[in-house]
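Keeping the supplied structure of chain A fixed, place chains B and C upon it in accordance with the hints.
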Amino acid sequence: MVGELTWRKRILGLWLPLVAFVVVALFPFTWMAATSLKTNAELYDPKAMPLAIKHPSLVHYIDLLTETNFLIWVANTMLVAVIATGISLLLGSMLAYPLARMRFRGGALLAIAVAVTYLIPQTLLFVPMSDLIGRMRLGNTLTAVMLTYPTLLVPFIAWLLMGYFKTVPKELEEQAMIDGASRWRAMTRIILPLCAPGFLSAGIFAFTLSQNEFLYALLFLSKSSVRTVPIGVVGELIRGDAFYWGQLMAGALLGSIPVALIYSFFVKYYVAGLTAGAVKG
Amino acid sequence: MAMPAKSKATRRDFLKLAAAGAAGVAAGPWVSRNAQAKPVSITFARESAYVKKFDEHFQKVMAPAYEKATGIKIEYQIQAAGGSAPVQLVAMVENKAGADVAWTQQEWLYRDALVDVSDIAEAVGKEQGGWYDEIKRYSMDKGKWKSVPMGNIGQLMNYRKDWFDEVGVKKFPETWDEFLEAGIKLKAKGHPFGMSMGHGFADNYSWLYPLLWSYGVTVMDKDGKKVALDTSETAKAVDYVRKLYKEACIEDCVGWLDPANNKAFLTSQISCTNNAYSIMVSAKRDLPEMGKVIDHGLNPKGPNGQRYHALVPVTHGVFTYSKDVQAAKDFLRWTMDPKQYRPWIASGDMYFAPYLHGFDKVPEWDIEPRVKPFQKVLETGKITSWPAPANRQHGEVVNRWIVIDMFSKACTGTPTKAAIAEAVAQLKTIYG
Amino acid sequence: MAPAHRPYRLGRLGALMERESVFSWLMLTPPVLFLLAFLGYPFFYGVYLSFYRREVASVASFVGLGNFVTLSNDPIFWQAVRNTIIFTGVATVLKASGGLAMALVMNQNFRMKAVTRAMLLLPFIVPTVLSTVAWQWILDPGMGLFNRLLVVSGLANPGPSWLGTPTMAMISIIMVNTWRGLPFFGISILAGLQTIPVDLHESATIDGAGTWGRFRYVTLPSLLPVIFIVTVFSIVITFFDFQLVYVLTGGGPANSTHLMATYAYSLSMGAGQLGLGSAVALSMVPVLGLLLVGLTLYVRKD
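Top to bottom, those sequences are chains A, B and C. Numbering of the first sequence is given in the numbering used here, commencing with residue 1 and proceeding in unit increments. Numbering of the second sequence is given in the numbering used here, commencing with residue 1 and proceeding in unit increments. Numbering of the third sequence is given in the numbering used here, commencing with residue 1 and proceeding in unit increments.
I should point out that these hints are in silico values taken from the structure, not numbers from a laboratory. Hints should not be assumed to be uniformly reliable.
[To be verified] Under the rule of at most 30 Å between Cα atoms (straight-line distance), these lysine-lysine pairs were calculated in the DSS-like manner: (1) A:K47 x B:K284; (2) A:K47 x B:K187; (3) B:K53 x A:K223; (4) A:K223 x B:K339; (5) B:K376 x A:K223; (6) B:K323 x A:K223; (7) A:K223 x B:K73; (8) A:K54 x B:K292; (9) B:K60 x A:K223; (10) B:K246 x A:K47; (11) B:K292 x A:K47; (12) A:K47 x B:K161; (13) A:K54 x B:K189; (14) B:K284 x A:K54; (15) B:K52 x B:K376; (16) B:K185 x A:K47; (17) A:K170 x C:K113; (18) B:K170 x A:K47; (19) A:K47 x B:K189; (20) B:K96 x A:K223; (21) B:K246 x A:K223; (22) B:K171 x A:K47.
For reference, chain A alone in the conformation it holds in the complex (with noise of 0.2 Å):
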């Protein structure tokens, strides 16, 4: 920041603010952390402190982990995590390239049908849509997930990508031509590898979408084993009207683990990639 930085200006410009975000976006991580280490009888008393643990126990990850297929749902839905994000950047990208780049005719017009494509409610397509996976008899297995999350994803992606497609110089591409590269090789081998961080953005955000996804897999998987985390631990850890509150909370840490591992990772590639493709979009 350019400006003097004094004492009392740090304090109030950047920790004071600082700390009060880190605490509105964690707090409710703490009060679940804490849940999932009380036991039921402490969780109940009404006179305990939400955050304080009096005798903290790993009972609640004990019977996630042992009772419950809790462990195939996470290696579930990280599988159908990267599947959906893949196919999703692969289709996405293959849209956005030749919109982004080359002029033909109906590009216009495609480019807009595919920024309408956002605007289709879920909630107008999952009856069609449940008609569609029973026909092509994909029920109860993770295919069908793996199709019908890209639907979600593509537009996006597409349109995220070719923000980030326009920025690179035509220029670049018509000299690999002159220099006698086909139009393919110019692209695979000199476009897209420019554009990296905007695939790795856009990848982390369709993760992250595919693993929240809640409605098509409510719908099409109903075997306890080919669960994904968020229905699986809503589903399997209330009976009846009786919430498993300490091991629904494990389940959510737990779950939620992976996917920030990966987040911290690769966030700055996050932010490099949202920069280029919005800004210039």
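Okay, now just chains B and C, sitting in the frame of chain A:
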């Protein structure tokens, strides 16, 4: 789905199956089951039971026993609780693929997709003391049984006996007026009631509809054609609920979904609510001191001198799209045979109360005396559509909370007349 | 693989593919086919359903605009529309301004910046369903974190009923949605901030602009494209939100938090009226469209 399980079939078996299948197709539906090859598996879908042992008994005892006896494997599909089972059932019906037998929640939406199981139901009724008449309103359609009732999830007033005793209420209130009085005293001591009135599916219906009935009001007439809600008794009932809410209840309860009252009770915030016996079970397990002082009371009587309860039916049905309907029916019949049915019910600690008079006095009810009142629910219990048929329109009224919202709106500021008028208008639109 | 500068021999087919339009359409075919099959077919089927009376397991009967007429006379429908607009509008304003503030704060240098950035993203990462279940407890009137703090600090005793009155319930769902979505705005705007060339700031300072002046004349204008794009995306997602209300309130109390998405769901799956539910879902599109057009015009005005 009735699909061949992971293969033990040899090539010879496969050819046999194919030949039988071809013969079956040629002969049509009149050929008896013996001429067609048996399916290798039947899928049975049920929402997870509150009492885990119930599901385990089926998985570990019943399913293997059936496979041993008939060679047919039972795929037990446990559906998630919390509202997703009806969605999956609707999807199955629409896609004409899915489980063969299921706990047919919201069956009023898709009775035409269920097989006629009158033969099973009548046989079971005859051999086990006869059915409670009221359940026929739900399981029967146009004179035929479309599902076989397995049990009722009883809902009663759960209350803290110690706190009631403290304010001098030694016996659970007999009438709604006494109920209100007790509530006022308890709220003054910091132990309000918590009566659910939000967008849940059980704990709101289980007291608001019985209350309405006990004021002499029904939502529709007995043919289900005319709206019967618009009466001066309704206004009295609505005014009573508003008074109860403002003077005896915790503010939060007007928005409570089904798990919320459990949470509030177990955290000692409320002294009374309407619920199944899940609160007592949780307390006995996690808060033994509280577990000792929980008791269950019947719904109070209203101005017409009657008390009512709301039935929450658990019924099993067979889907018409099933690949071998007869095999599915045979399985269903087998589950209801006393040899299987009685231990199964017992494994659930009587959470599901059979709708058969043969179970009225069985000793299983005496294991935990506080569970026994749930059997009494069957005597005065009514299906929520009572006295009208439990058809699709009624299902719509239930799932859109038309009558529930009449009460909750009245509690949050809408004048009584307006709240009733809005509900009546919506009922007229739904019933056409 | 031949390096780019070696002359590449093209057959007649190869030459054909080099033409911009052929290359483009070849490349577009797989994704377009995929979208047509998995998005287009369900979409048109959904639209088709909304013109029919279609109850579960029954035959469809054409009613033309009948469903829409029914909805236009349905007070719950209009309440859902109002709720959705209020919910989306307020939450977006809060997220955008909060996100801008977060980005400005994070744009300074300090240790543990990467860790902080990851921590701030957590609300966005954890599956919505699960964090919403946690919020049920946090908003509990007696046991919840909020009311405990209010009581302990002496500010209110007892605390408000967060999910118990129509107004508070709406405030609560807006609050939870903001909590969840703010990091997305924050990180995206931060990215935008980091691309503003330093010399722009420097020349502004030379011209005599103070901190506020720099913000107003350099930072904000450069950020507007990012903010606009992120806001549009967020509005669409928030408008269609389903999970949060479904888990937290089910649309109550008394339909005060019913959104169009949850109402469509309850009509389709609860009432078994697939045609009517699709009609509600379809009506989301023009309402959202109007909202976005309004926003675009407002931004264009400047």
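Each hint, compared with the structure:
1. Between K47 (chain A) and K284 (chain B), the direct Cα distance comes to roughly 19 Å. Compliance with the 30 Å bound is thereby established for this hinted pair.
2. With a C-alpha separation of about 19 Å, the suggested pairing of K47 (chain A) with K187 (chain B) holds against the 30 Å cut-off.
3. Between the alpha carbons of K53 (chain B) and K223 (chain A) the distance comes to roughly 19 Å, so the proposed pair stays at or under 30 Å and holds.
4. With a C-alpha separation of about 29 Å, the suggested pairing of K223 (chain A) with K339 (chain B) holds against the 30 Å cut-off.
5. At roughly 36 Å between alpha-carbon atoms, K376 (chain B) and K223 (chain A) are farther apart than 30 Å, so this suggested pair is violated.
6. A hinted pair counts as satisfied when its Cα atoms are at most 30 Å apart, and K323 (chain B) with K223 (chain A) qualifies at roughly 20 Å.
7. This hinted pair checks out: K223 (chain A) and K73 (chain B) have alpha carbons roughly 16 Å apart, not beyond 30 Å.
8. Of the supplied pair hints, the one linking K54 (chain A) and K292 (chain B) holds, its CA atoms being roughly 24 Å apart against a limit of 30 Å.
9. The hinted pair formed by K60 (chain B) and K223 (chain A) meets the criterion: a straight-line CA distance of about 18 Å does not exceed 30 Å.
10. For the hint linking K246 (chain B) to K47 (chain A), the alpha-carbon distance of about 26 Å falls within 30 Å, and the restraint holds.
11. Using a Cα cut-off of 30 Å, the hinted pair K292 (chain B) and K47 (chain A) holds, with the two alpha carbons roughly 19 Å apart.
12. A distance of roughly 21 Å separates the Cα atoms of K47 (chain A) and K161 (chain B); the hinted pair therefore holds under the 30 Å criterion.
13. For a cut-off of 30 Å, the pair hint linking K54 (chain A) to K189 (chain B) stands: about 28 Å separates their Cα positions.
14. Between K284 (chain B) and K54 (chain A) the CA atoms are separated by roughly 21 Å; this keeps the pair inside 30 Å, and the hint holds.
15. Pair hint K52 (chain B) plus K376 (chain B) holds up; C-alpha atoms about 24 Å apart against a cutoff of 30 Å.
16. Taking the CA atoms of K185 (chain B) and K47 (chain A), the gap is near 23 Å; set against the 30 Å cutoff, the hint holds.
17. Of the pairs offered as hints, the one joining K170 (chain A) and K113 (chain C) is violated, with about 36 Å between alpha carbons and a cut-off of 30 Å exceeded.
18. With a C-alpha separation of about 27 Å, the suggested pairing of K170 (chain B) with K47 (chain A) holds against the 30 Å cut-off.
19. Straight-line distance between C-alpha atoms of K47 (chain A) and K189 (chain B) comes to about 17 Å, which keeps the hinted pair within the 30 Å bound.
20. For the proposed pair K96 (chain B) and K223 (chain A), the alpha carbon gap of about 18 Å is at most 30 Å, so the pair holds.
21. This hinted pair does not check out: K246 (chain B) and K223 (chain A) have alpha carbons roughly 45 Å apart, beyond 30 Å.
22. Proximity of K171 (chain B) to K47 (chain A) is assessed by CA-CA distance (about 29 Å); at most 30 Å being required, the pair is judged to hold.
Going down the numbered hints, you'll see the structure goes against 5, 17 and 21, while the others check out.
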